[in-house]
Amino acid sequence: MNQLKGNNPGRRTILVCCGTGCLANGSAAVYEALCDALKGNDKFEVETLAKATGCNGLCEKGPLVKILPDDITYCKVKAEDVPEIVEKTLQQGELVQRLLFRDPATKKYYKSHHETNFYKKQHKLALRNIGEIDPSSVQDYLDRDGYQALEKAVKRMSPAEVIEEVLKSGLRGRGGGGFPTGLKWKACAAVDNPPRYVICNGDEGDPGAFMDRSILEGDPHTVIEGMIICAYAISASKGFIYVRDEYDLAVKNLTKAIENARERGYLGKNILDSELSFDIELVRGGGAFVCGEETALINSIQGNVGEPWDKYVYPAEKGLWGQPTVINNVETWANIPVIINDGAAKFASIGTEGSKGTKVFSLVGKVVNTGLVEVPMGTTLREIIFDIGGGIQKGRQFKAVQTGGPSGGCIPESLLDLPVDFDTLTQAGSMMGSGGMIVMDDRTCMVEVARYYVNFLAEESCGKCVPCREGISFLLETLTRICEGKGKLEDLDLLESMSCTIQQAALCALGRTAPNPVLSTLKYFRDEYLEHINNHRCPAGICKELTEFYVDEKLCTGCGRCRRNCPADAITGEKKKAHTIDPEKCIKCGECIDNCKFQAVKVK
Amino acid sequence: MAVNSEQTADRKAMGKIINRYPPERRYILAIMQDLQKQFNYLPKDALQMTAEYVNTPMSVVYSMATFYKAFSLVPKGRVVLKTCDGTACHIKGSNIIIDEIYKTLGIRPGETTADGDFSLETVNCLGACALAPVLVANDRVYPKVTPASLREIIEENRGRRDESTERE
Ligand SMILES: Cc1cc2nc3c(=O)[nH]c(=O)nc-3n(C[C@H](O)[C@H](O)[C@H](O)COP(=O)(O)O)c2cc1C
Ligand code: SF4
Ligand code: SF4
Ligand code: FES
Ligand code: FES
Chain A
87 MNQLKGNNPG
97 RRTILVCCGT
107 GCLANGSAAV
117 YEALCDALKG
127 NDKFEVETLA
137 KATGCNGLCE
147 KGPLVKILPD
157 DITYCKVKAE
167 DVPEIVEKTL
177 QQGELVQRLL
187 FRDPATKKYY
197 KSHHETNFYK
207 KQHKLALRNI
217 GEIDPSSVQD
227 YLDRDGYQAL
237 EKAVKRMSPA
247 EVIEEVLKSG
257 LRGRGGGGFP
267 TGLKWKACAA
277 VDNPPRYVIC
287 NGDEGDPGAF
297 MDRSILEGDP
307 HTVIEGMIIC
317 AYAISASKGF
327 IYVRDEYDLA
337 VKNLTKAIEN
347 ARERGYLGKN
357 ILDSELSFDI
367 ELVRGGGAFV
377 CGEETALINS
387 IQGNVGEPWD
397 KYVYPAEKGL
407 WGQPTVINNV
417 ETWANIPVII
427 NDGAAKFASI
437 GTEGSKGTKV
447 FSLVGKVVNT
457 GLVEVPMGTT
467 LREIIFDIGG
477 GIQKGRQFKA
487 VQTGGPSGGC
497 IPESLLDLPV
507 DFDTLTQAGS
517 MMGSGGMIVM
527 DDRTCMVEVA
537 RYYVNFLAEE
547 SCGKCVPCRE
557 GISFLLETLT
567 RICEGKGKLE
577 DLDLLESMSC
587 TIQQAALCAL
597 GRTAPNPVLS
607 TLKYFRDEYL
617 EHINNHRCPA
627 GICKELTEFY
637 VDEKLCTGCG
647 RCRRNCPADA
657 ITGEKKKAHT
667 IDPEKCIKCG
677 ECIDNCKFQA
687 VKVK
Chain B
247 MAVNSEQTAD
257 RKAMGKIINR
267 YPPERRYILA
277 IMQDLQKQFN
287 YLPKDALQMT
297 AEYVNTPMSV
307 VYSMATFYKA
317 FSLVPKGRVV
327 LKTCDGTACH
337 IKGSNIIIDE
347 IYKTLGIRPG
357 ETTADGDFSL
367 ETVNCLGACA
377 LAPVLVANDR
387 VYPKVTPASL
397 REIIEENRGR
407 RDESTERE
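As given, the protein sequences belong to chains A and B, one line each in that order.
The number in the numbering used here is simply the position in the first sequence, starting from 1, with 86 added.
The number in the numbering used here is simply the position in the second sequence, starting from 1, with 246 added.
Be aware that one or more of the hints could be misleading.
[What the hints assert, rightly or not] Straight-line C-alpha distance at most 20 Å; calculated EDC-like pairs for lysine to aspartate or glutamate:
1) B/Lys-283 - A/Glu-166
2) A/Lys-671 - B/Asp-345
3) B/Lys-328 - A/Glu-332
4) A/Lys-342 - B/Asp-291
5) B/Lys-349 - A/Asp-655
6) B/Lys-283 - A/Asp-334
7) A/Lys-338 - B/Asp-345
8) A/Lys-630 - B/Asp-345
9) B/Lys-328 - A/Asp-334
10) B/Lys-328 - B/Asp-345
11) B/Lys-349 - A/Asp-613
12) A/Lys-690 - A/Asp-613
13) A/Lys-572 - A/Asp-668
14) B/Lys-349 - A/Glu-631
15) B/Lys-322 - A/Glu-332
Simulated from the structure, these hints should not be mistaken for lab results.
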């Protein structure tokens with residue numbers, strides 16, 4: 087069973103995932119060890135090549151090593167494992183079983199991650215190349231139909247036909263607003279005031295989201311190709327990619343990709359011998375959440391403080407330096423080459439009535455398989471969290487899933503069968519946002535989560551308008567008081583009425599959507615607020631002032647795990663006898679409750 | 247005397263960075279990013295020189311320097327601890343880590359220890375949510391941090407700080 091079929095078409099490729107998650111787990115050392123082991127090694131029948139790729143979406147299991155064409159995936163690989171992989175798999179054609187993906191539920195081993203539920207239910211369009219190619223190699227991109235869409239557009243379609251195709255695909259902006267991309271392009275092309283500009287919004291400041299960053303890191307050329315196609319469609323002469331400087335790997339890979347695209351004639355004068363001349367400049371952002379808002383971003387590129395405009399005008403009419411500008415999100419751009427290559431009809435056949443295609447989510451939090459996933463619009467939350475995500479970590483209880491970033495909301499268990507698209511999530515009091523999906527369990531306090539988001543927005547509010555500045559800080563004070571056990575029943579009404587005021591009066595969408603986390607948790611998790619206020623108790627054991635942990639004597643086996651891990655030496659007990667927690671010493675870090683295998687630690 | 251020559255050297259380095267860009271207002275951000283990388287903060291001299299170079303009032307340059315989170319107007323510690331407080335890290339206890347850092351080093355986010363060894367910053371997501379909570383100390387990434395492992399991380403980095411000063 088462990089023997090591999092010997093039909094190697096002359097060459098093996100070893101892909102080492104070097105996305106942020108795997109790098110953090112030490113994949114650089116694995117890559118180096120592999121390169122060393124392969125260099126000058128003549129024991130192979132076939133030529134072997136090692137490549138560093140972007141995130142495969144299974145960061146939890148990283149560092150990931152994939153071997154092609156055998157289609158083997160090894161998980162949690164260490165540099166020390168390399169000799170065994172080289173000897174067993176590359177030379178003898180055997181699998182190293184202990185490194186294979188193992189389903190935690192069924193205990194079954196999988197030869198390739200392609201066979202796992204995590205992968206099978208996904209549909210990769212925007213992420214189609216990520217993990218499969220070396221992002222620093224333009225040749226790798228070309229080998230997977232790269233720049234063919236551009237060629238098709240420039241040589242065989244008129245600009246109007248390109249716009250028509252994007253319109254017909256039904257593609258809606260993936261940056262959160264969900265505005266139809268084709269309409270935006272059409273509006274911009276119609277403004278007879280050149281020069282026109284194209285911008286890629288790669289600011290991605292959502293806490294707990296890394297979709298766009300992974301695309302820029304793992305497949306920079308797809309974004310560049312999407313932008314050039316748009317430039318052709320609307321006759322733009324210059325493009326800008328705005329990405330945070332702190333995302334060094336994205337900056338590095340993009341810089342190289344832009345250079346390579348220039349060398350190959352995809353950027354510059356008379357692209358592919360056409361009339362089109364277009365170039366792209368990288369702008370490194372300074373890290374401010376509000377800069378992701380398109381008018382603030384335009385301000386930032388122009389060399390101003392990155393604040394939204396006082397009066398909203400569509401950038402398609404008057405954008406960068408007052409000129410007509412198309413600004414789209416990274417993931418939106420990544421879909422453009424697919425639409426042009428495969429045709430609008432095929433794209434539109436995926437998804438729901440109102441939301442076509444797929445959506446990338448960063449599925450994180452208390453879920454078993456954490457990482458990037460891309461699913462057809464209309465997939466239910468339950469499928470994403472339980473089938474793809476493998477359910478809740480440590481067998482705990484699901485409580486809520488948060489979507490839409492700080493402007494989104496928390497969705498309870500009763501709505502898990504909701505098919506995910508732009509409209510359903512909004513109806514549920516949340517929103518699609520850019521694709522953060524944070525899974526919460528019974529150890530997550532919903533009041534504290536609301537406080538967390540409001541605190542984030544209080545820090546990120548540019549302070550320009552009063553409802554946003556003052557309103558959010560009022561929400562924050564009130565929520566903090568509730569978390570500290572000083573809340574009053576009237577506070578809940580005050581939270582609601584202040585939320586309404588902010589929604590109506592704030593200048594930009596940051597302010598207008600800021601109350602969402604408060605309103606959605608109040609709507610679905612009011613009991614938890616009441617428990618904090620009336621009984622001075624945080625059922626999740628998160629709000630320190632309201633938490634006391636104790637060991638249930640009947641359940642405790644005296645294994646001693648909690649005692650050994652407690653950083654405050656607050657737990658005592660003899661082997662095989664019930665342990666006790668000293669509330670005076672306890673710092674409420676939750677190590678014990680999270681790690682007791684017998685669920686013996688409880689919240690008083 | 248020594249201080250003066252250091253200052254001249256610094257000004258020279260600043261000028262070199264600034265001159266890499268065309269003298270236009272829209273390059274202020276890029277210039278400041280590079281200055282921040284070189285000096286670990288934005289020295290006042292550097293901001294002044296930038297303002298003159300792009301022919302923009304100092305007040306504008308200053309307001310940009312305070313607006314973006316990437317910039318600091320005071321020198322940062324030799325080891326910068328970046329604790330991720332993105333949502334994924336937060337619900338996995340990053341606030342406990344931040345509290346523990348305060349207990350051990352006496353600094354809160356945005357502060358630097360009196361001896362200039364450590365600074366603490368929070369970030370919104372390091373792109374490694376699967377490994378939450380995540381902490382970065384001078385570009386070394388520590389996954390799944392616990393209060394116990396935090397102590398080791400701090401000790402390890404005290405060592406690294408010594409290493410780097412010895413080498414200098
Ligand atoms: C506070 C705020 C932050 C935003 N952040 C981002 C972001 O990080 N990335 C993004 O693509 N869009 C962001 N947006 C949405 C943009 O304003 C804009 O709608 C989007 O870039 C348009 O591209 P799309 O149509 O392709 O989605 C943000 C909006 C607001 C109000
Ligand atoms: S880990 Fe759980 S079972 Fe083991 S001693 Fe602690 S409370 Fe008891
Ligand atoms: S919560 Fe933390 S400090 Fe308190 S008893 Fe448990 S492990 Fe110890
Ligand atoms: S970084 Fe390797 S799987 Fe995500
Ligand atoms: S939220 Fe901490 S790494 Fe993403």
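Status of the hints after comparison with the structure:
Taken as a hint, the B/Lys-283 and A/Glu-166 pair is broken in the structure, with Cα atoms around 34 Å apart against an allowance of 20 Å. For the suggested pair A/Lys-671 and B/Asp-345, the alpha carbons sit about 15 Å apart, so the restraint of at most 20 Å is met. Pair hint B/Lys-328 plus A/Glu-332 holds up; C-alpha atoms about 12 Å apart against a cutoff of 20 Å. At most 20 Å may separate the alpha-carbon atoms for a hinted pair to count; A/Lys-342 and B/Asp-291 exceed this at roughly 32 Å.
Between B/Lys-349 and A/Asp-655 the alpha-carbon distance is near 16 Å, which keeps this suggested pair within the 20 Å criterion. For the hint linking B/Lys-283 to A/Asp-334, the alpha-carbon distance of about 12 Å falls within 20 Å, and the restraint holds. Annotation: proposed proximity of A/Lys-338 to B/Asp-345 is violated, straight-line Cα distance about 34 Å (limit 20 Å). For the given pair, A/Lys-630 sits about 11 Å from B/Asp-345 by alpha-carbon distance, which is consistent with the 20 Å threshold.
Among the hinted pairs, B/Lys-328 with A/Asp-334 is consistent with the structure: their alpha-carbon atoms are about 15 Å apart, no more than 20 Å. Between B/Lys-328 and B/Asp-345 the alpha-carbon distance is near 14 Å, which keeps this suggested pair within the 20 Å criterion. Proximity of B/Lys-349 to A/Asp-613 is assessed by CA-CA distance (about 33 Å); at most 20 Å being required, the pair is judged violated. Proposed proximity of A/Lys-690 and A/Asp-613 is supported: the alpha carbons are some 17 Å apart, at most 20 Å.
The straight-line distance between the Cα atoms of A/Lys-572 and A/Asp-668 is roughly 25 Å, outside the 20 Å bound, and the hint therefore fails. At roughly 17 Å between alpha-carbon atoms, B/Lys-349 and A/Glu-631 fall within 20 Å of each other, so this suggested pair holds. A distance of roughly 16 Å separates the Cα atoms of B/Lys-322 and A/Glu-332; the hinted pair therefore holds under the 20 Å criterion.
When each numbered hint is compared with the structure, violations occur for hints 1, 4, 7, 11 and 13.
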